[in-house]
Amino acid sequence: MIEVDHLTKRYGPHTAVEDVTFRCEPGTVTGFLGPNGAGKSTTMRMICGMTPPSSGAATVAGRPYRALPNPGREIGVLLDASAQHAGRTGRETLTLAARTMGVDRGQVAAKLDLVGLNDTAARRRVGAYSLGMRQRLGLALALLGDPRVLILDEPANGLDPEGIYWMRGLLRDYADRGGTVLLSSHLLREVEAVADRLVVIGGGRVVAQGGKDELLAGAGTLVRARDQHALRLTLDRAALPATVGTDGGFVVRAEPEAVGQAAADAGLVLTELRPAGSGGLEQLFLTLTAGASTREAVR
Amino acid sequence: MTTATTPVPTAAATRHEPAAGPSLARLTGVELRKLADTRAGRWLLISIGLIAVAIVVVQLFVVDGPEQTFTAFFAPSLLPVGLLLPVLGILSITGEWSQRTALTTFALVPRRQRVIVAKLAAVVLAALASVLVSLAVAAAGTLAAKATGGAGAWTFDWELLPYAAVFQVANVLMGAGFGLLLLNTPLAIVTYLLLPTVWSVLSAMIKALREPAGWLDTSVTMAPLLSPDVTAGQWGRLGVSLAVWMVVPLVAGLIRTMRREVS
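Those sequence lines, one after another, are chains D and L.
Numbered continuously in the working numbering, the first sequence closes out at residue 761.
Numbered continuously in the working numbering, the second sequence closes out at residue 266.
The reader is advised that the hints may include incorrect statements.
[What the hints assert, rightly or not] Only part of the chain D face toward chain L is listed, based on derived beta-carbon distances under 10 Å:
{"#": "1", "residue": "His-468"}
{"#": "2", "residue": "Ser-503"}
{"#": "3", "residue": "Glu-536"}
{"#": "4", "residue": "Ser-544"}
{"#": "5", "residue": "Gln-546"}
{"#": "6", "residue": "His-547"}
{"#": "7", "residue": "Arg-567"}
{"#": "8", "residue": "Gln-569"}
{"#": "9", "residue": "Gly-607"}
[Said to hold, decoys possible] Computed from the model, here is a short list of chain D residues facing chain L with C-beta under 7 Å:
{"#": "10", "residue": "Thr-477"}
{"#": "11", "residue": "Ala-478"}
{"#": "12", "residue": "Asp-481"}
{"#": "13", "residue": "Thr-483"}
{"#": "14", "residue": "Cys-510"}
{"#": "15", "residue": "Pro-526"}
{"#": "16", "residue": "Tyr-527"}
{"#": "17", "residue": "Gly-534"}
{"#": "18", "residue": "Val-539"}
{"#": "19", "residue": "Arg-550"}
{"#": "20", "residue": "Arg-561"}
{"#": "21", "residue": "Arg-634"}
[Unchecked claim] Far from chain D, by Cβ distances over 10 Å, these chain L residues were calculated:
{"#": "22", "residue": "Ala-22"}
{"#": "23", "residue": "Leu-30"}
{"#": "24", "residue": "Val-60"}
{"#": "25", "residue": "Pro-69"}
{"#": "26", "residue": "Leu-106"}
{"#": "27", "residue": "Leu-111"}
{"#": "28", "residue": "Val-243"}
{"#": "29", "residue": "Leu-257"}
{"#": "30", "residue": "Val-265"}
{"#": "31", "residue": "Ser-266"}
What the hints contain is simulated information worked out from the structure, not anything from laboratory work.
All residues carry an ideal CB built from backbone N, CA and C; glycine is no exception.
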């Protein structure tokens, strides 16, 4: 269980995170989405006690992170896979953590095996690791204490498609067994496949959050016609707010039925008409990245 | 690559008591291990040993035979070792920041002061071990002197042993204090190594600084520790200089580290 309560972080006049509130329940994977620089990492660092918040608070397993006597056994944290001593071997990195947490040494080999780092890789210095291998090592480190909560910042970065697929399976399985997962990403598609809930952040503020299905359902209708120009005019005439989607169609903030009716009334031939699904969220995402008013994007 | 998938849907519902935190002894053990588990760290430790050996070897050649006693081998080996120990102290602290491992370390032990105390304990133990190394190489030197026609006498002023321990512990803690305060490896090392030089240059140029230098320049105040007799006045001067260059950086550095944002 992770509870984030009105977290705010200011750096001088710049507000990196503003009034962020959400919670992650056991048994769920929460995708923390936002473009680069939206405040994802700062929020996660505040949850883990690395960055003192300007105001607000966060608790993990019912306590502030810094009040946990042995947090590694409660929460697995991967904030930056590259933040490892380049001169230590992968195995040594885990051994140090295992000793700190008081975890049985056999777990080191078990977790290395779990994340797919073989013996040769474990004996190599982390400096020689690819980013994908560092992510795997970071995941092994996070899982080492058999925690019930995972906080992962951009864990898919640098993983190959096979690795991303594998990680999704691992996280899904982890959550299905009662674990709580919070993972961040700047790629919607990456998170969509595994998350139950989404928290979308832009410019330091939460711009959308809720169940994935609910968010995707509320994302509008995707419509495409043989005559795109006529469709645009028809939609405008029917006062249906439409934006050009990422792949040429229109994303309309209305039910498919209303859109279909408008098209039928105008005698247009539609080639596609369906709930926008991730297309709508993607649209929201693009708006965020473009730096447009985030409030506007949601409403 | 598959996990054991016994479905345990109630795992989250069963609250268990939070696992006990690591003891200071365990953290110190981890920090000791960190001193030696990288190539750079290992070589620093090896160089400290080698330099002690080198000094003894040099003395076998340059010191007159009758003066080649245990004490004569022991005391001079303390000085170069004492020059490298602060680097060990600095690196043990700043390495966490330059290699960004602080992110992992403080995620596992969020009470940062415990990590710092463990680090200080680890480098103090390393400093004490270095005194043992000095003793060992001095013994080897004495045997070698006997074999090569020197005096090889086992005379030893036992006061030197605690003094040597104080000398090396103060050295390593001063380094750690500089590291803790500056949190940057090159800056801390350069500042630490330049300081005595700056003192001697300044006090040579400015008359008014000569008296304070006797109380503040650690290269002056610590020198008596290498001889068997330390007067009360000398202890006083040593105490003042260590308060300024060891205690103040340690305390200020601890406060800085506690508050610093880790990223």
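Restraint satisfaction for Glu-536 (chain D) [CB to CB of chain L, less than 10 Å]:
Glu-536 (chain D) check passes; min Cβ-Cβ to chain L is 6 Å, inside 10 Å.
In terms of Cβ atoms, is chain D entirely out of 10 Å range of Ser-266 (chain L)?
At about 6 Å from chain D, Ser-266 (chain L) fails to clear the 10 Å cut-off, so the statement is violated.
Please check whether Ser-503 (chain D) passes as an interface residue: C-beta within 10 Å of a C-beta belonging to chain L.
holds (8 Å)
Given His-468 (chain D) as an interface hint, is the shortest Cβ-Cβ distance to chain L below 10 Å?
violated (19 Å)
Looking at Leu-30 (chain L) again, its CB stays over 10 Å from all of chain D?
violated (7 Å)
Closest C-beta approach of Pro-526 (chain D) to chain L relative to 7 Å, hint status:
Since the shortest Cβ distance to chain L is 9 Å, the answer is violated.
Does the closest beta carbon of chain L sit nearer than 10 Å to the beta carbon of Ser-544 (chain D)?
holds (7 Å)
Reported absence of Leu-106 (chain L) from the contact zone with chain D (all CB gaps over 10 Å)
Nearest chain D Cβ is 4 Å from Leu-106 (chain L), so the label is violated.
Say whether it holds or is violated: Val-243 (chain L) keeps its Cβ farther than 10 Å from all Cβ of chain D.
Holds, because the least Cβ-Cβ distance between Val-243 (chain L) and chain D comes to about 35 Å, which exceeds 10 Å.
So Pro-69 (chain L) supposedly isn't at the interface. Is its beta-carbon more than 10 Å from every beta-carbon in chain D?
holds (47 Å)
Would you settle whether the hint for Tyr-527 (chain D) is holds or violated, based on the nearest Cβ-Cβ distance to chain L being less than 7 Å?
holds (6 Å)
Taking the closest Cβ pair, is Gln-546 (chain D) under 10 Å from chain L?
holds (6 Å)
Checked against the numbered hints above, the structure breaks hints 1, 7, 8, 10, 11, 12, 13, 15, 21, 22, 23, 26, 27, 30 and 31 and satisfies the rest.
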